[in-house]
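Undergrad: Top line first, the protein sequences correspond to chains X and Z. Okay, so the first sequence: first residue is 1 according to our numbering, each after it adds one. Okay, so the second sequence: first residue is 1 according to our numbering, each after it adds one.
FYI, nobody ran anything at the bench for these hints, they're computed from the structure. All of these numbers come straight from a predicted model, not from anything done at the bench. A couple of the hints might just be wrong.
[Unchecked claim] Which stretches of chain Z does chain X cover? Using the computed rule of at least three CB atoms under 8 Å from a CB of chain X, they are:
#1 106-119
#2 180-191
#3 238-246
Positions of the beta carbon are idealized from the N, C-alpha and C atoms, including for glycine.
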Amino acid sequence: MSKSDRGMTRRDFIRLAAYAAMGTAVGAEALAGEGPALRKRSRVVLVRDENAVTAGGEINADVIRQMMDRGVSELVGAHDPVDCWRQLVGTPKLVGIKTNAWGNLPTPAAVEQVIEQRLRDAGIAKGRIPKTDREARRKLADCDALINARPLRSHHWAGIGGCIKNYIMFAPRPGVYHPDACADLASVWSLPEAKGKTRLNILVALTPLFYGRGPHHWDPRYVWPYKGIFFSRDPVAVDALGAYLLAAKRRLELGEDKPLTPAPHIRMAEVRHHLGVADLKRIDLVKVGWEKDALI
Amino acid sequence: MSGCKQQPMELHQLLPREFSGWEAAGEGVVYDRDTLFDYIDGGAELYLAYDFRRMLACRFERDGHPAIVADVFDMGSSEEAFGVFSTERQDPEAGIGQGSEYAVGLLRFWRGRFFVSVWAEEETAATADAVRELAARIAKAIEPPGPPPQLLHLLPSEGLADTRVRYFHDHLSLNLYYFLADENILGLSERTEAVLAPYETAKGTMHLLLVRYPTAEEAGRGLEGFLAAYLPEADESGAARVESGSWVAAQGLGDVVMVAFDAPSRGQAHELLSAVREKLKEQTP
């Protein structure tokens, strides 16, 4: 059994951090385990724009549109964003948008609007683009392609709320996935309603929440205007980077006293469920735009 | 709110129907261990890791103001109520109940067997006052008060950062506060009590972990498991220097296992554990 299957200790993480500081690849390999399936790489695009969010916290829809087009173009490798969307989704009958309706930090309307617009530009009829969060099982089950878009935030039990977790609403009983800090959350992606359908994951980091408190896990002191959006075909890779970003922000703002809640479901998504790449060493991150305080 | 059940009178009686212009929007909703996920999906595990019995959620509204939400958790005992309160404690004492804190519209407190959260959907001058008033009314209605966990009395006071003491039961909870290992190497469970306490030193923060097991035999197995998985090179005193350059020391006494993490020296680790042993001996009849 590999180390990643039997688990890690605090001392293992310290050792790996030391290896990483020395510039060796030993740490990353040990974290990810071994095996040919784990050696693949994933591409993630991070687009940031200083003007994406105003000083008052309002989202600038025009800037978001530009960021979305840039992100998709960089990911697909073509200039025309409409062509990129066509390449991403193909010619499906029904393209669902899995959004997130969490009251304190929902998927921004500006992001949803760009997705819908670009899908229509790519030839999908308006009535063939259902969008929902809580009713995913009912409204998105018949889709043959999905776009997964949600904000990045800390999550008390799972560590982070990211693209992997966003599919929990495809589960008939979401609570079933909570044991062991949601370690097997990625298995939701194997449900027939979702399996193999996702064409694009958009992890919105415009105003991420890096620490939450209280039963509703919300504290506006810990929201910051990062002004970024991650794009990838791989939900595990965007979440791995999202977790890294939240951890970096916590270290910066809160020190060692409040380390990021472990998010075993991201590592298990690769090691056990083979959903994507969790190992940061095998994620090709393309950064575009505003560079200040990127932390990543 | 959905999933309404008949409300146990003791929860319902803790909330006013109105106060200072704010009115309860409906009767509130009661959730139990099976339905708590319906209310706080993802956050419910925190409460289920303790002896959570049921909770009442009620929304208060006033024209022209953001809403206020009161969540009253019956944790079964004052020790468990303290435990939930301790999990996120970080802000200054707010003077309500047996322990409280307030920041940015959120007031958390514990009293007796109840943990209570009163939260304004947006903090304004009016909601800040209303949150405090509502919390104070709820606290006044809770009788009787109750003791915090006995295990806290084993903590040496010198250097203790007491507002950051966490009380819990299982290893997943431990990992939320201080990641130790993916596997449950100490054998923690709902039957164990644990305290994690930070101590400030001139060279940084040490952490003391105390675990009380149901029996001395189980404590022995817990210590053995920890040493084998985490500190196999420990010397006869249970101490070893680890990769960070700091020292870790683990010892057992009766049904208690004590571990000092992040100690600047072997001596400081042993000094902290010795202080716990002294307190433990004082408490043992």
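Undergrad: Check, residue by residue, whether the region 238-246 of chain Z contains three or more positions whose beta-carbon lies closer than 8 Å to a beta-carbon of chain X, and give the verdict.
TA: Holds, because 3 residues of the region 238-246 of chain Z bring their Cβ atoms closer than 8 Å to Cβ atoms of chain X.
Undergrad: Just to make sure I understand the rule, a stretch counts as covered if three or more of its residues have a C-beta closer than 8 Å to a C-beta of the chain. Does the region 106-119 of chain Z meet that for chain X?
TA: With 4 residues close enough to chain X, the hint holds.
Undergrad: Closer than 8 Å Cβ to Cβ for three or more residues is the test here. Does the region 180-191 of chain Z pass it with chain X?
TA: holds (count 5)
The structure is consistent with each of the numbered hints, conforming to all of them.
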